[in-house]
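Trainee: Each chain, letter by letter, is given below.
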Amino acid sequence: MPPLIRLHGAAIGYHGRALLSGIDLEVAPGDFLAIVGPNGGGKTTLLRTLLGVLPLVAGRRDQPASLRVGYVPQRDHVDALWPLTAEDVVIMGRVPLAGAGRRLVAADRERARGALGRVGIGDLAGRPFRTLSGGQRQRTLIARALAADPELLAVDEPTNGMDPAAELTAMDLLRDLHAGGDLAIVMVSHRLEAVANYARALAFADQERGLWRVGPLAGMLTPAALSELYGRAVAVREEGGRRFVYPVGGEGRAP
Amino acid sequence: MSGLAGFWEAREIWREALLASVLSGALLGFLGVWVVLRRTVFVSAALTQISTLGLIGALLLEERLGVAAEHLGVQLAVAIAFSVVGALVLGTMHGARRLPTEAGVGMSYVLAGAFVILGANKLIHVAHDFGSMVFGNAVAVSLSDAMVIAGVTLVCATVHTVFQKELVFVSFDRETAEAMGMRARMWDGLLFFTIGLAIPPAARALGALPVFAFLTIPASAALLLVSRLRPVLAIATVLGVVAAAGGYMLSWIWQIPTGATMVALAGLFVLPGGLLRLVRAS
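Residue numbers (the working numbering), protein chains in the order written: chain H, 14 to 268; chain R, 1161 to 1442.
There may be inaccurate statements among the hints.
Partial list, computed: chain H residues near chain R (C-beta under 7 Å) [what the hints assert, rightly or not]:
hint : residue
1    : Gly-72
2    : Met-105
3    : Pro-109
4    : Gly-112
The hints are simulated quantities; they were obtained by calculation from the structure and are not laboratory data.
Please read these numbers as outputs of a predicted model, since none were measured by experiment.
In this text, a Cβ means the ideal position worked out from N, Cα and C, and glycines have one as well.
Work out the full structure: start from the sequences and follow the hints.
Mentor: Next comes the structure, spelled out in structure tokens:
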């Protein structure tokens, strides 16, 4: 299948200054790519550049004009001051599809309610967004992205600030949304362990070391590759069908 | 009753002023919801100063260089141009690496204020009525001024009716709107264009203090009362109208300063919502 979106020899950064260069990346229908790396490593910059929000410093970006993108920001970035219900927030996902100046219709509202149901909070449609818990807000933002009927779902740090149970629930939700369809997911996370059991491909981004790697999960989730990314020895263990990633020893590299 | 009767009998005098006040109250009350929710309250204060600076510039051009700017319409047009450009710059400005957005807004406010004082100091012919010309007095308003405010209200109402969903999305979550293909800068610009357009004619009619008050108090009162956007917009608009009309009438009857009476009355509207929050919190 042809890719939905592609970067060729890209350099990303701000104000013409490259943070990370030599990036080749393709996202095809059905992909589940996790971009991981340390805090400040350039992951969100890469995601925003991939989506065309930030201009490339160098290289080329290809995306069909008709590509439908659903985006889930870090939930702390959304201002809870606004007097909006969960449904009001979700229906925003229909705004780019409706066209400028055109009214949203009953069908858009139905899609918004459907998206809320799909993420398991259909009963919270009328609740003020500001009164929702962190996990419920995250689901609302995912529902908004789904309301856009996306071909590509881009998610920025979906488990930030969550306790382990909520983190698992959020990741399970993304897995369920991805399962058995053509929806492509690109997710940014600094929590490698959170994505190791869900993504099919991994990308490492660390602008401090000028490190950029991308490949299938099996090839990327190795102690050697991870140690290079984090600059210290990292072990990968599988137990009960789940992968665990953890640092070992001191500051030295993995053997 | 005699005060009310006297007020009604004098309606030929206050008709245009009340019309301008009511329209300004409605317009600014509505726009204030956006100003408060966008956390740009001090942008509106800076814009009042910047539009005044434009007016001073027009007066100086006329006095010093003989440029034909004595017509009130020209002065207002220059003030609107300054305000709109200021709104587009300040409203769509995002924090740079070294300075937060607030620093830019604060500097604009104080620098525009300083240049207003310096410019006014150089004016000769209009110095005697400069205060009411620049800051308004909400008492004597011409029909043409009221019509300008009506026209601006119509433009703003049209923009906000047609493009409300885009303005809400971009204002609530700019990052997502951009990622999903919307031209956030353009929508931001449109929103702040309406705010920049509204301030100069309202400031000319009512004065700087009521304009700043109407852009903050009715919206704050409405946000304390209800939790849905459309009711907030409706309540803020109505409160703006009531504060403007009520303040005007009370100031006439009690013979007290008009702008300050409007602001004081608007301040009372925060009490119900504030009390409601206190009761709910306890």
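Trainee: Please go over all the hints and tell whether each is borne out by the structure.
Mentor: Cross-check of the supplied hints:
{"no.": "1", "hint": "Gly-72", "verdict": "violated, 19 Å"}
{"no.": "2", "hint": "Met-105", "verdict": "holds, 5 Å"}
{"no.": "3", "hint": "Pro-109", "verdict": "holds, 5 Å"}
{"no.": "4", "hint": "Gly-112", "verdict": "violated, 10 Å"}
When the structure is compared with the earlier hints, violations turn up for hints 1 and 4 and for no others.
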